[in-house]
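Trainee: Here's the letter readout for the chains.
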Amino acid sequence: MAKTILEMDNITKTFPGVKALDNVNFKVEEGEIHFLVGENGAGKSTLMKVLSGVYPYGEYEGDIVYQGKVQQFHKINDSVDVGIAIIYQELALFPDLSVYENIYIGNEVKHNGIINWNQTIVKAKDMLKKVNLKVKPETLIKDLGVGKQQLIEIAKALSKEVKLLILDEPTAALNEDDSENLLELIKELKKQGITCIMISHKLKEVVAIADKATILRDGQTICTLEKAKGEIDEKTIIRHMVGREMNQIYPKRENHEIGDTILELKNWSAYDGQLGRHVVKNADLKLNRGEIIGISGLMGAGRTELALSMFGNPKNYKLKGDLVLNQQPVHFKHTSDAIKAGMAYVTEDRKGNGLFLLQNITKNVSASKLQGIAHHGIINNNEEIKIAEHYKNSLHIKASSIEQLVGKLSGGNQQKVSLGKWLFAGPNILILDEPTRGIDVGAKFEIYTVMNELVEKGLSIIMISSELGEVLGMSDRVYVMAEGEIKGELDSQSADQEKIMELATQ
Amino acid sequence: MKILQETQQLIKDNIRDYGMYIALFVIMLTFNMMTDGTFMSSRNISNLLDSAGYIAVLAVGMTLVIVIRHIDLSVGYVAGFLGAIAAILLMQQGLSIYLVIPIILALGIIIGLANGFLIAQLGIPAFVASLAGMLIFRGALLKVTEGTGTIIVQNEVFNALGNGFIPSLGMVNARHLLTIIIGVLGVLFFVYSELKTRHDKVKYNFDVISVPIFAVKLTLISLIIAYITWILAGYNGFSWTLMIVLFVTIVYHFISNKTVLGRQIYAVGSNPEAAHLSGINVKKITYLVMGSMSMLAALSGILYTARLQSATTTAGMLFELDAIAAAYVGGVSSAGGVGKVTGAIIGAIVMASLTNGMNLLGVGISYQYMIRGGVLAGAVIFDVLTRKRGK
Ligand SMILES: Nc1ncnc2c1ncn2[C@@H]1O[C@H](COP(=O)(O)OP(=O)(O)OP(=O)(O)O)[C@@H](O)[C@H]1O
Ligand SMILES: [Mg+2]
Numbered sequence: 001m002a003k004t005i006l007e008m009d010n011i012t013k014t015f016p017g018v019k020a021l022d023n024v025n026f027k028v029e030e031g032e033i034h035f036l037v038g039e040n041g042a043g044k045s046t047l048m049k050v051l052s053g054v055y056p057y058g059e060y061e062g063d064i065v066y067q068g069k070v071q072q073f074h075k076i077n078d079s080v081d082v083g084i085a086i087i088y089q090e091l092a093l094f095p096d097l098s099v100y101e102n103i104y105i106g107n108e109v110k111h112n113g114i115i116n117w118n119q120t121i122v123k124a125k126d127m128l129k130k131v132n133l134k135v136k137p138e139t140l141i142k143d144l145g146v147g148k149q150q151l152i153e154i155a156k157a158l159s160k161e162v163k164l165l166i167l168d169e170p171t172a173a174l175n176e177d178d179s180e181n182l183l184e185l186i187k188e189l190k191k192q193g194i195t196c197i198m199i200s201h202k203l204k205e206v207v208a209i210a211d212k213a214t215i216l217r218d219g220q221t222i223c224t225l226e227k228a229k230g231e232i233d234e235k236t237i238i239r240h241m242v243g244r245e246m247n248q249i250y251p252k253r254e255n256h257e258i259g260d261t262i263l264e265l266k267n268w269s270a271y272d273g274q275l276g277r278h279v280v281k282n283a284d285l286k287l288n289r290g291e292i293i294g295i296s297g298l299m300g301a302g303r304t305e306l307a308l309s310m311f312g313n314p315k316n317y318k319l320k321g322d323l324v325l326n327q328q329p330v331h332f333k334h335t336s337d338a339i340k341a342g343m344a345y346v347t348e349d350r351k352g353n354g355l356f357l358l359q360n361i362t363k364n365v366s367a368s369k370l371q372g373i374a375h376h377g378i379i380n381n382n383e384e385i386k387i388a389e390h391y392k393n394s395l396h397i398k399a400s401s402i403e404q405l406v407g408k409l410s411g412g413n414q415q416k417v418s419l420g421k422w423l424f425a426g427p428n429i430l431i432l433d434e435p436t437r438g439i440d441v442g443a444k445f446e447i448y449t450v451m452n453e454l455v456e457k458g459l460s461i462i463m464i465s466s467e468l469g470e471v472l473g474m475s476d477r478v479y480v481m482a483e484g485e486i487k488g489e490l491d492s493q494s495a496d497q498e499k500i501m502e503l504a505t506q
Numbered sequence: 001m002k003i004l005q006e007t008q009q010l011i012k013d014n015i016r017d018y019g020m021y022i023a024l025f026v027i028m029l030t031f032n033m034m035t036d037g038t039f040m041s042s043r044n045i046s047n048l049l050d051s052a053g054y055i056a057v058l059a060v061g062m063t064l065v066i067v068i069r070h071i072d073l074s075v076g077y078v079a080g081f082l083g084a085i086a087a088i089l090l091m092q093q094g095l096s097i098y099l100v101i102p103i104i105l106a107l108g109i110i111i112g113l114a115n116g117f118l119i120a121q122l123g124i125p126a127f128v129a130s131l132a133g134m135l136i137f138r139g140a141l142l143k144v145t146e147g148t149g150t151i152i153v154q155n156e157v158f159n160a161l162g163n164g165f166i167p168s169l170g171m172v173n174a175r176h177l178l179t180i181i182i183g184v185l186g187v188l189f190f191v192y193s194e195l196k197t198r199h200d201k202v203k204y205n206f207d208v209i210s211v212p213i214f215a216v217k218l219t220l221i222s223l224i225i226a227y228i229t230w231i232l233a234g235y236n237g238f239s240w241t242l243m244i245v246l247f248v249t250i251v252y253h254f255i256s257n258k259t260v261l262g263r264q265i266y267a268v269g270s271n272p273e274a275a276h277l278s279g280i281n282v283k284k285i286t287y288l289v290m291g292s293m294s295m296l297a298a299l300s301g302i303l304y305t306a307r308l309q310s311a312t313t314t315a316g317m318l319f320e321l322d323a324i325a326a327a328y329v330g331g332v333s334s335a336g337g338v339g340k341v342t343g344a345i346i347g348a349i350v351m352a353s354l355t356n357g358m359n360l361l362g363v364g365i366s367y368q369y370m371i372r373g374g375v376l377a378g379a380v381i382f383d384v385l386t387r388k389r390g391k
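Heads up: the protein sequence lines correspond to chains D and H, in order. For the first sequence, UniProt numbering gives the first residue as 1, with consecutive numbering after it. For the second sequence, UniProt numbering gives the first residue as 1, with consecutive numbering after it.
To be clear, the hints were calculated from the coordinates, so they are not data collected in a lab. Check each hint, because a few of them may be wrong.
Cross-link-like lysine-lysine pairs, in silico, DSS-like; alpha carbons within 27 Å at most [said to hold, decoys possible]:
hint, chain 1, residue 1, chain 2, residue 2
1, D, Lys123, D, Lys163
2, D, Lys187, D, Lys235
3, D, Lys340, H, Lys284
4, D, Lys315, D, Lys281
5, H, Lys196, D, Lys386
6, H, Lys283, D, Lys333
7, D, Lys235, D, Lys444
8, D, Lys351, H, Lys283
9, D, Lys386, H, Lys217
10, H, Lys258, H, Lys203
All values derive from a computational prediction rather than experimental measurement.
Next up, chain D with everything else stripped away, as it sits in the complex (with noise of 0.2 Å):
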């Protein structure tokens, strides 16, 4: 029997209105792929947060045994001292650090406190070798993409010696190859008795690579999975997940009408000023009313900036060729006139350019349409309260009330309250940039769902999406991207995989 390398006992963590764990109880074994699923808010990341000392020894109950110990982390490095290295949600890289100094950062070569640049450089080399990274160690990070980041996180945390490795959501933000990548390294890192914890929404991911599956609901563990039980399929893991049986992953829409065109883009182009270069070139894209479109296309093929550029172009691009909408060819000089027109654009980003992270959820949904409950500029604060109580509730976003900090959400709940914040707004078309990131299986069919409600009302809705099984079953057609240019559209009888791969990487 392999050895148990971790146990946390009964942890319990509250805070000030919520019970984020419940008498937890998480059991580990040496050199496994253990997975942590749950819905949004369930607790997994403060589970692990707990564990990495994030939340130090005091401020939860229960015991943390870690090989054969229990161990009272006062700090994070504490618990990077007994080997455990944690990457979250969102990444922690320094993007205008090189590679080599973000891998050692905290943990510097050093003699007598003098850094050793040149050593730190062939060490880093190393690292990345064992990532499988074919990058040069001075290379800074933000020249790389998203899914290389994510492995310069893994090496950063492989150069500390790591005998447990926690990854909070690492595929959340990555394309289909590039999560491919990063699962095949996880296996590798097994071989090399490696312990590996991840979390992920990603059931297929669960499926393919775990070992065993713990699941949390409401702060509590609900069951642990094991494979060689044959227990981790899909079905079974939704259906603890949430309590009840799944069946199917899209809802299904009432044959709805596709009316007129509404927006169209003519030979649209932009170039960005600072990259010197174009991100959107010659583009031609037609959305009709009542009708959900989907742009699909590896990371960096131009989708986000494609939207930026019709929404008011905040990045300041310059534009050529036409967008028009309702037949008018309109030109806007600031998203505050797209808004006017219409448009609404959910971000890819949610914490980084999507919400207001110390504000609370009701400044966060008025904050699109202030005017909305204005009368002559003055806010009538008891309309936006019962505004932000109906986006709560109807989008079941989870939280001890709608005083709540958003920062102070989980992420997917963050999701939930970006997509209230844009629904307030009462567009016509909605762009939603990757609209189900990090979010729950249970919550993406009632995402899903509202899409599906609101195209029925006459809403049009561009999604911009990495998930091929999302743009597959969600759209009515298909647009694939690559590098700026858009390469195919597909109509929803003749899309697959394969077909969007193929243009998507042509």
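Fit chain H with the ligands to the given chain D structure using the hints.
Mentor: Then chain H with the ligands, alone, in the frame of chain D:
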């Protein structure tokens, strides 16, 4: 007991706000005891509030500047320079005061918009842009006072802004009548608006604090307003400075809490990119906040010049640091998006109380600086600690 629990919860939720008021209360009480009652005498309180005036208006503007993640180091010498210009226009050009004041405020706005241009349009860090402004206006102040040195202002109306009091309309029991009337109106207005807010909330079925606690809160705050009014009515009544500061506070408090504009300011501070994508014009907000800052600097200059009844060559020195300190004591956060106008006023009063009290006690100037520095550090430490645990 339920009421006890509710009180505890309230204190826990609002520890940062209450902490500041409690600190002010403790400081005042301590000084009062140490000076055998001189500190809380009508005359001294009146004096103290007046001496806080020109920093308080700066602190209000500075709070909003810090909320949108900028800083303005130029406000001190802008105040000094515009104060001198006011004196020149009044004394050397013989302009009417009713012309001079709008001109000075308008000049302030123009200076602020220039700052806004550097920061919003050209993307220069506010620290550097306003540092340049600080040097430029220091030079400008020296230049315009070069020939004359200190300019004495002999204009009663103007000087009254810094030293004068509102008319009494008669005395009752040796108390200033108009002051008492304003105080009573203030209490009535406060009670009315609290009741109305509560009534609205009940109408919408929202949670409200329980009746006994609400009653205690109403009584307590009414008593404080009444007490301050009573004290001041026993001397010369409300000063013009105090009325101006009150006016500025009420207007800015209203704008920042109740209006779309205010919400946009806080949104920009909280996350500029998200604000932009929410359709908020970040540049416009930057212009507005910087413009308002320098307008308040102009007002500060007017108040200071009027208080000294002259424009000096060193006027405005270190005002910016006092204003920044007051804003931080008042709970603004340099991470952006957090900070209250009322906090800034309390912060300014805390700092002025310290200076005033220590002066009464005859504490040496060297210790005064150290103690004020310590209080500033303490306030920010308290802030950081309570915020960490906050909701
Ligand atoms: N710092 C905090 N303050 C208050 N509440 C918090 C804090 N951090 C987390 N919570 C709450 O604890 C609960 C668990 O959150 P956690 O982030 O662990 O969820 P999660 O399972 O990782 O969800 P997701 O899949 O969405 O990332 C949530 O209800 C969340 O709102
Ligand atoms: Mg999480």
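Trainee: Each of the hints needs a verdict: does it hold here or not?
Mentor: Results of checking the hints against the structure:
Taking the CA atoms of D:Lys123 and D:Lys163, the gap is about 19 Å. The hint holds against a cut of 27 Å. Distance hint between D:Lys187 and D:Lys235 is fulfilled; the C-alpha atoms sit about 24 Å from each other, no more than 27 Å. About 18 Å separates the Cα atoms of D:Lys340 and H:Lys284, which keeps this hinted pair within 27 Å; it holds. Of the supplied pair hints, the one linking D:Lys315 and D:Lys281 holds, its CA atoms being roughly 16 Å apart against a limit of 27 Å.
Restraint check for H:Lys196 and D:Lys386: satisfied, since their Cα atoms lie roughly 18 Å apart, inside the 27 Å limit. A C-alpha spacing of about 13 Å is found between H:Lys283 and D:Lys333, which places the hinted pair at or below 27 Å, so the restraint holds. For the proposed pair D:Lys235 and D:Lys444, the alpha carbon gap of about 15 Å is at most 27 Å, so the pair holds. Proposed proximity of D:Lys351 and H:Lys283 is supported: the alpha carbons are some 21 Å apart, at most 27 Å.
Restraint check for D:Lys386 and H:Lys217: satisfied, since their Cα atoms lie roughly 26 Å apart, inside the 27 Å limit. For the suggested pair H:Lys258 and H:Lys203, the alpha carbons sit about 19 Å apart, so the restraint of at most 27 Å is met.
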